[in-house]
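Enquirer: Those sequence lines, one after another, are chains A and B.
First residue of the first sequence? That's 1 in my numbering, and the numbers climb one at a time after it.
First residue of the second sequence? That's 1 in my numbering, and the numbers climb one at a time after it.
Just so you know, these hints were derived from the structure itself, not from any lab.
Where a beta carbon is used, it is the ideal one built from N, C-alpha and C, also for glycine.
Hints may contain errors.
[Said to hold, decoys possible] Some chain B residues judged to face chain A by a derived CB distance under 7 Å, without partners named:
#1 G11
#2 G27
#3 F36
#4 E52
#5 G56
#6 P59
#7 P60
#8 R61
#9 L62
#10 V73
#11 Q76
#12 G79
#13 E81
#14 A82
#15 F271
#16 Y287
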Amino acid sequence: MAEVLENCEIGPGCFRMRLADANVARSARPGQFVHVRLPGSSLDPLLRRPFSVCLADPGEGTLLVLYQVVGRGTQMLAKIRPGDYLNVLGPLGRGFDMPPADGKGDVALVAGGLGIAPLIMLSRDLSRAGVGCSFLVGGRSQDLLVGVDLVPCAGAGLAATPRRDLQVVTEDGSIGRQGLVTDALDDLLRDGGARCVYACGPVGMLREVGRLGEAHRVPVQVSLEERMACGLGACLGCAVKARPGRGGRETYLRVCVDGPVFWAGEVDLDGIA
Amino acid sequence: MASPDLSVTIGAIRMKNPVMAASGTFGFGREFGQLFDISVLGAVVTKGITLEPRAGNPPPRLWETPCGLLNSVGLQNPGLEAFISEEAPRLAGAGVPVIVNISGDTVAEFCELASRLEDVAGVAAIEVNVSCPNIHAAGRPFASDPGSVYSVTAAVRRATTKTLIVKLSPNIADIADAARAAEMGGSDAVSCVNTFLGMAVDTARMRPVFARVFAGLSGPAIRPLALRAVWEAASAVKIPVVGIGGISSAADAIEFLLAGARAVAVGTGNFVSPTACPEVVAGIGSYLEERGIRFLRDLVGRAAAGAFADPGDGNPHGHGNREEPERPW
Ligand SMILES: Cc1cc2nc3c(=O)[nH]c(=O)nc-3n(C[C@H](O)[C@H](O)[C@H](O)COP(=O)(O)OP(=O)(O)OC[C@H]3O[C@@H](n4cnc5c(N)ncnc54)[C@H](O)[C@@H]3O)c2cc1C
Ligand SMILES: Cc1cc2nc3c(=O)[nH]c(=O)nc-3n(C[C@H](O)[C@H](O)[C@H](O)COP(=O)(O)O)c2cc1C
Ligand code: FES
Numbered sequence: 001m002a003e004v005l006e007n008c009e010i011g012p013g014c015f016r017m018r019l020a021d022a023n024v025a026r027s028a029r030p031g032q033f034v035h036v037r038l039p040g041s042s043l044d045p046l047l048r049r050p051f052s053v054c055l056a057d058p059g060e061g062t063l064l065v066l067y068q069v070v071g072r073g074t075q076m077l078a079k080i081r082p083g084d085y086l087n088v089l090g091p092l093g094r095g096f097d098m099p100p101a102d103g104k105g106d107v108a109l110v111a112g113g114l115g116i117a118p119l120i121m122l123s124r125d126l127s128r129a130g131v132g133c134s135f136l137v138g139g140r141s142q143d144l145l146v147g148v149d150l151v152p153c154a155g156a157g158l159a160a161t162p163r164r165d166l167q168v169v170t171e172d173g174s175i176g177r178q179g180l181v182t183d184a185l186d187d188l189l190r191d192g193g194a195r196c197v198y199a200c201g202p203v204g205m206l207r208e209v210g211r212l213g214e215a216h217r218v219p220v221q222v223s224l225e226e227r228m229a230c231g232l233g234a235c236l237g238c239a240v241k242a243r244p245g246r247g248g249r250e251t252y253l254r255v256c257v258d259g260p261v262f263w264a265g266e267v268d269l270d271g272i273a
Numbered sequence: 001m002a003s004p005d006l007s008v009t010i011g012a013i014r015m016k017n018p019v020m021a022a023s024g025t026f027g028f029g030r031e032f033g034q035l036f037d038i039s040v041l042g043a044v045v046t047k048g049i050t051l052e053p054r055a056g057n058p059p060p061r062l063w064e065t066p067c068g069l070l071n072s073v074g075l076q077n078p079g080l081e082a083f084i085s086e087e088a089p090r091l092a093g094a095g096v097p098v099i100v101n102i103s104g105d106t107v108a109e110f111c112e113l114a115s116r117l118e119d120v121a122g123v124a125a126i127e128v129n130v131s132c133p134n135i136h137a138a139g140r141p142f143a144s145d146p147g148s149v150y151s152v153t154a155a156v157r158r159a160t161t162k163t164l165i166v167k168l169s170p171n172i173a174d175i176a177d178a179a180r181a182a183e184m185g186g187s188d189a190v191s192c193v194n195t196f197l198g199m200a201v202d203t204a205r206m207r208p209v210f211a212r213v214f215a216g217l218s219g220p221a222i223r224p225l226a227l228r229a230v231w232e233a234a235s236a237v238k239i240p241v242v243g244i245g246g247i248s249s250a251a252d253a254i255e256f257l258l259a260g261a262r263a264v265a266v267g268t269g270n271f272v273s274p275t276a277c278p279e280v281v282a283g284i285g286s287y288l289e290e291r292g293i294r295f296l297r298d299l300v301g302r303a304a305a306g307a308f309a310d311p312g313d314g315n316p317h318g319h320g321n322r323e324e325p326e327r328p329w
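Make the full structure from the sequences, and use the hints.
Expert: Printed below as a string of structure tokens:
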């Protein structure tokens, strides 16, 4: 059981939860997730809920999760108080592959909404490895841009003026560039500004990122979501269609163990609802 | 008191305790084997195997319901050859009886599966899944009528010397008839039950959630229904019944044992708590110990004592001296 150290609302319906779990904190890699049993040994809702590890601190033995209230399970989580305990399974899944060590140049991180969560830890580890990052953060409006203060390079927080290492894009233009985060990515790739792209967010955004990667011949990794039961690879419930191979036979991959991070070429992003 | 004896026998399988992992919820034991030593289980039932590999159904495959889970996985599996070469050798050394769940579209497919598993090391038993709701034999699963259950069972019985378990579907008018059909076909045991057919409609898309429309309901939501099915099956046959449906704790499992199940399997419960199976084993032990009951087998069917005329053969369900029934189909 993991003690909840903090659970506070950081935006409308958006929460940041800090948990004490030495094991997850020690072994989590960027892009991996934890599978959380809802409080009170809940049988209704029945299943665990998957959340990306946003930051893990092996020294403190803590991890951070960012989540949005979208249904009954996340409503229950929002009521948790510091000092309560949660049953946390993890870290699970295949995280992001670091860019090849011999490569030169920056990489791009593209976040849509809460999709920023796994990219925060990735950006920390990339900076530690000396890889330059352009972090593109998109959301509908300023109040829904949560977690940006956790990006290591963000310093004083949201930057209204574009910087190379952190660009903010909102659909309503309430802060940063107005438009879609993929517009900013298109510009960046046009300038040859990234040798690899990491993306997490709504599937429509991921499709567009995949398309841009193909157009600019830059490899793309995407973090996908699918409903999960076991989270361990045993139930085959979290299937996404694989990009048809040479034989053309239909096959499925499991988001929980083959992912949640995939190379865009591995999966059929167009086939995801 | 010495610690209670939890062992039970199903056909020729001697299980150290009555707790199995249910088919399709435990893969081939790999994933859960990383979390605990699966040799503490009474038996492991594999994901359903077909002759050829199957890709399974398109997503979504899962949908949560109150205390339950609808699934439409569609028998995704690597096929018999890959099972034999890639999974069976490891399972053979796992220190636990392995029950291979098989599925087919025709009687001939079931027989071929069973006979090709005959000489595979480490396979303790065959569980015939006549009830998967996600595939169709001439439009409906075999399990939907007792006559087909009988013919599949009898044919597979001739194809294998291994312990044979027939897994029954609850999507049938009278599960007791299906259990009797399996018994007459020569099955060593029946498992009760597979998932209940259900469905869900996505109100945002105004369409059924699943591509195949119907899906299988499992989890605590079906427990009272499964329990009734086990009671009815155990009352109808002499062969042992494996109780399945919504079991997630030792108390749930004990309910099934008292109702007449000689063993139980945990399915969806594994997803909620990945250590559910070993917890159920430990909890059953404590229950017996607290009550000074030495043998688990003394628990089996105890809730039925007096509910039926006791034939005096120790089977409280009272069918011991029953006449062989006419085939009702
Ligand atoms: C690998 C992975 C990592 C994730 N990381 C995060 C994260 O860091 N922060 C975060 O807020 N959310 C994350 N999610 C999504 C999160 O799991 C769901 O939002 C949550 O399970 C919803 O639970 P609920 O009971 O509140 O909603 P429900 O009542 O179950 O559903 C409400 C809505 O959420 C959608 N939903 C439900 N389950 C999932 C799911 N597994 N994947 C996608 N959509 C779902 C439903 O379609 C529905 O629209 C992640 C999902 C996956 C698979
Ligand atoms: C995801 C999933 C996959 C399943 N796959 C199979 C299968 O391949 N063969 C089979 O006989 N039963 C299969 N079942 C049925 C279970 O073995 C079990 O009979 C059923 O789920 C009821 O038990 P439960 O409520 O404990 O889950 C599956 C169930 C689930 C939830
Ligand atoms: S959630 Fe069970 S296999 Fe992925």
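Enquirer: Against this structure, judge whether each hint is valid.
Expert: Results for each hint:
no., hint, verdict
1, G11, "violated (26 Å)"
2, G27, "holds (4 Å)"
3, F36, "violated (12 Å)"
4, E52, "violated (11 Å)"
5, G56, "holds (6 Å)"
6, P59, "holds (5 Å)"
7, P60, "holds (6 Å)"
8, R61, "holds (5 Å)"
9, L62, "holds (4 Å)"
10, V73, "holds (5 Å)"
11, Q76, "holds (5 Å)"
12, G79, "violated (12 Å)"
13, E81, "violated (15 Å)"
14, A82, "violated (13 Å)"
15, F271, "holds (4 Å)"
16, Y287, "violated (19 Å)"
Violated hints, in rising order: 1, 3, 4, 12, 13, 14, 16; the structure is consistent with all others.
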